[in-house]
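So the protein sequences, as listed, match chains A and B. Number 48 in the working numbering belongs to position 48 of the first sequence; there are no gaps in the numbering. Number 67 in the working numbering belongs to position 67 of the second sequence; there are no gaps in the numbering.
Errors might be hidden in some of the hints.
[Claimed, not checked] Quick look at which bits of chain B chain A covers, simulated, 3 or more residues with Cβ under 8 Å:
| # | stretch |
| --- | --- |
| 1 | 41-51 |
| 2 | 106-118 |
| 3 | 195-201 |
Just so you know, these hints were derived from the structure itself, not from any lab. Computed from a prediction, not measured in an experiment: that's the story for all the values here. Note that beta-carbon positions come from the ideal geometry of N, C-alpha and C, so glycine has one too.
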Amino acid sequence: MTRRPVDVGDPDRLYTITQGRSRADAVAFDLVTLIVAECEPSAGQQSEHARILELCRHPTSVVEIAAELSLPITVVRILLEDLRATGRITPRHPRVAASAALPDSALLTEVLHGLRNL
Amino acid sequence: MGSATSELPPASRTPLRDTAESGLKIVVVGGFGVGKTTLVRSVSEIRPLNTEEVMTEAGEGVDRIPVSSAKNTTTVAFDFGRISLNERLVLYLFGAPGQKRFWFLWDRLFSGTLGAVVLVDTRRMEDSWYAIDRLEHHKTPFVVAVNRFDGDHAYHSLEEIRTALALPAHVPLIDCDARVRSSGKDVLIALVDHLHHLARERELTA
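Just chain A, with the same shape it has in the complex (with noise of 0.2 Å):
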């Protein structure tokens, strides 16, 4: 498997990426929340944003995201929601919301579904 060291090392780093940003909201960035960018890097870009906008040409969950640019998942969190503020990707939520207790027997029977024809 691909066990790259994930960069938690040099937190000057991290807080250079983030320009001295500490907190995400999770709330708004699931780890399985898909992001699909709505347009291609630029140049000038900061280098991050500039790789989440190639990974997002198809949807890519948030956490495959930081497994790709070996960043923790609250600075990539933080880097998502610059993105969103100017409308350069979109997330698409999961359909179970994190404040519900169970799931419907509904999206269970298509999970089931699945998992059988796998």
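Given chain A, work out where chain B should sit, using these hints.
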């Protein structure tokens, strides 16, 4: 600026279909070396990936990036894989360590999870007690899967294991071989079957 073709992602990355619209989560928990990544790998359509989250141990700042002066930070690493269930639904499987520090991050990382699989090694059953306790605390539905390793000489029956784990009768307990795709798939089906049963029960009494 580089041309579009030079910016294509590496070939090893398999993108999702453009119709994918909703991600789902299942978490596999268990002690070190119990076979979590093996299980994820056997059913995943991508090579398992690894990522980390950082936290400070002071309760107030749990979602902060550590500043260099902060000594009380910890990282939690987890593996994950992916299964496209149909045109729209994508299931993510997370292999997560069962140790204490991980549970601090449960709500932040795994809220909204469909359910969990507790993977058990019969040689180290005590490794599973804490995970089972925490899942019950978080009211996360789960099944327990016994990973039958080669050379599982002291073969315990599922009944013996249920007793050793003090597992209530309503929690499904099954055998598996985490290396085998069909077996891993059966574990996931057992979990989702269980969840479906719980959802139907709730819907009928609502």
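Hint-by-hint comparison with the structure:
Beta-carbon proximity to chain A at under 8 Å applies to 7 residues in the stretch 41-51 of chain B; the threshold of 3 is reached and the given coverage holds. A stretch counts as covered by a chain when three or more of its residues have a beta carbon under 8 Å from one of that chain; for the stretch 106-118 of chain B and chain A the count is 6, and the coverage holds. With a threshold of 8 Å between beta carbons, the proposed coverage of the stretch 195-201 of chain B by chain A holds, since 5 of its residues qualify and at least three are required.
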